[in-house]
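Chains as they are written, first to last, in my numbering: chain A, 1 to 601; chain B, 602 to 941.
One thing to keep in mind: the hints can contain errors.
Stated by the list, open to error - Calculated pairs, PhoX-like style, for lysine-lysine (alpha carbon to alpha carbon, straight line, at most 20 Å): (1) K718(B) with K580(A); (2) K459(A) with K929(B); (3) K459(A) with K635(B); (4) K649(B) with K459(A); (5) K635(B) with K450(A); (6) K537(A) with K635(B).
To be verified - Here are some, though not all, of the chain B residues that point toward chain A, as calculated from beta-carbon distances under 10 Å: (7) Y637; (8) N852; (9) L932.
To be clear, the hints were calculated from the coordinates, so they are not data collected in a lab. Given the structure is predicted, the values throughout are model-derived calculations rather than measurements. Yeah, the Cβ is synthetic: ideal placement off N, Cα and C, and Gly gets one too.
Next come the chains, spelled out residue by residue.
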Amino acid sequence: MENHDQHAQAHPGHEEEHHHTESFVSKYIFSMDHKTISRQFLITAVLMAFIAMTMSLLFRLQLAWPGERFWILNFLLGDKWAPDGILDPGMYMQLVTIHGTIMVFMVLTGGLSGTFSNLLIPYQIGARDMASGFLNMLSYWFFFLSSVIMLAGFFVETGAASGGWTVYPPLSALPQAMEGSRLGMTLWLVSMSLFIVSALLGGLNYIVTVINLRTKGMSMTRMPLTIWAFFITAILGVLSFPVLFSAALLLIFDRSFGTSFYLSDIYIGGQALEQTGGSPILYEHLFWFLGHPEVYIIILPALGLTSEIISVNSRKPIFGYRAMIGSIMAIGFLSFIVWGHHMFITGMNPFLGSVFVFTTLLIAIPSAVKAFNYLTTLWKGNIQYTPAMLFAIGLVSTFISGGLTGIILADSALDIPVHDTLFVVAHFHIVMGVSAILGMLAGVYHWFPKLFLRHMNKKLGYIHFWGTFISAYGVFFPMHFLGLAGLPRRYYSNSAFPMFDNLVDINILITGFAILASLTQIVFLFNFFYSIFRGPKSEQNPWKANTLEWTTPMANTHGNWPGKLPVVHRWPYDYSKPGKEHDFVPQTVPLEEGEVDGGGH
Amino acid sequence: MIQSLIYVAIILTIFAIGYLVRVFELSSSLKGDKPYEVTEKDNRLMSKIMLTFLFVFFAFVIWNLIEYLPLMLPESASEHGVGLDWLFNFNMAIIFFVFTITHILLFYFSYKYYGRKGNIATYFTHSNKLEMIWTIIPATVLAVIIIFGLKAWNKITEPASKEAIVIQLYSKQFDWTARYAGKDNELGASNYKLITEENTLGMDIKDSKGADDIIVKNEFHIPVNKEIEFKLNAREVIHSAFLPHFRAQMNCVPGMTTMLHFTPIITTAEMRTKPYVIELMKGINEARAKRGEKPEEFNYILLCNKICGNSHYNMQMTVIVESEADYKKWLKSKKPYFKK
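Model the full structure from these sequences, guided by the hints.
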């Protein structure tokens, strides 16, 4: 366990590397330094998130005021997709689809793991860099390319993919079925394939780095929970993304080469297709075999960041460190055997449905343990309200309230009346969308000094948090009721049904909060880019934290530590330990005689 | 004009924020402290907002419940749906309880334990007893939820009885067709290769079982208190037959037949006289009047609930539940598709 430092110390090349000056291209563009790559991921993700958020505003306008004219729609989308400022139904579908895809994959998978796994894994385990800087660089550029291609769909004549972010065939397989299933769908599949390559390159790198490059003394049970979360997340990604790749590949075959993996007995556009024997249900199984672990790929890193931030700012050890590790592992394992709960009403064997009910509800147990452990960490703390801490507490709230409605959806019988309604949309936005975004933002505020050596403005951070948190609930809490009233998701307008006419006020309320949320993000964008250049410079350990990243000087040193690598003597959560001079004891401080490590196990 | 004003406003806002930040920064650098460090004053302010948020949030939740619960679906019009609604409320009660407790704790702790200068937090790393408690209690509650849920699930997914009236619901972009099995209660064979403009379901004329099959569009009728078995098909993409008032839903998948069955227990006419529904329709018709549209009567609806193309949002069929006598009369007025 303890002799990995030799690998790390002997990591070749680094001593020489930071002597010669690098060109602009190798320093900022094709950089192999984990810190630069992390910044690249973050800035790309922030821009993509802003684009995807704008998309959601556009379709929210349509949902609140169906058929009304908005010059902004015509201005942004042009005459073809928003004639006279009225959103075209095809465009609505494209916006919904690409909003989901970008948020789930580009922002909360690529952006979240890409930024923080890259930044924190080497820093917090005491490594000079990732195991393979080259693969790491490739990972970013595949991600970048995939993001660009995903957006390119909007610039082709027939528009972007529009079959929902899950792109179920036959809708996505048949160019005749809708305009978005033509070139736009091809671009979606190309983009997603590149994204999977990126995720795999990144994931393998994270796993290898955590296993091999821990510094002396950094045993697995002394790793911060951030690293545990990133580690398990990477394993989930490496095991599940290839399955999505195979699903996409078979879909490409069906679309282009006349195979029938997913197609059977189809009559469309005035003719019966040749394909027989395939099943769209196969695609659903393959998709959700990734799709469910995917939501944990999104939420686990956010929970990892939160664990660290809550502990540092409560000035208390994280409560139940080992239980937290156990919960992360249990969630990771269970996430692979629950995918069927997305498919209760596909006509799947009811007994199989029962099995998935059981496994899905089991996940609630480790999740509950995590939630209660956060609460206990706050209890009798000395809470320092940095903006990061606010976002972390916000995550605990949304993780609980969104997770609870999952109990309804996991229960196959209760899922029937709410399946595919806006109740589901409300549930997953709160539990994984909002929670993960809050976690990611908490990370940005907390580690901004490590990313850009400066601080973001605290007061703007406060405004940003309260604006975001209040409007997030304002958007998604009332949305549950739309679902309970039977309103399906992905409806361009609900004015075709008299039974939904009384819901228009709820839709207006939601859109109002969505606009407020978006305006608040402008405050963030400003704060973010302004602080990169003009924020106040940071000292070495501004939050008085124990983890290793704060033991390096505030500079972008290639190889992270100017001299030897730090040696770890204790777990990372010795905050407010009795008998110590300060309320924090960095991991590099040796244990005193008779002192017990790791909370006295 | 308005556009350019908005641009100017946006640009001015950005500049204004920029200057504000500079002022903040300069004033704090004059004072000589680190502007990013949180002070006790910050902590106290945030802790108070946390507590305020707790109250505002719960006020919002309660306001939502009062305002929006009367807009929800009326009581279940199907036999299994009654039990399902009970189970739903039971689970919701548990959820609401846990939600309330955890949020009170979260925001109260956030309020009470804000950082004060010189204060030291309690070093409390773990407690096996506590962790056992919040593993075992959720596990027990979940066991109850699972048992109740699976009981309901098994009942709903049991095969339909032999006497159930068989109706095919055929979905295509973007409408529904219902086909009644007729006197023999068996649907005639069909094949997608036989689809023509007239024969939209691709029915096989050679199959004598299909001779008495009746096809209807826009509206279909079912008798009250009789079990109905729907056989679901799709022509080109996945659709989903969603009957929210009957708490029933099943996907329609090309290349296979899925099944769904339930027993309606309230006729359309009876539902229209329920006080809840009268109130509900009043609200709906007020909203319609505002838009200058004609008032509507309550109806059960079949709608598509799986994204199926650009007009996914408008794919519907009205369902009429009536007495068996009325149902038979209605069915008699329809002619079989293949007139001999």
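- Task: Return the numbers of the hints above that this structure violates; sort them in rising order.
- Result: 2, 9
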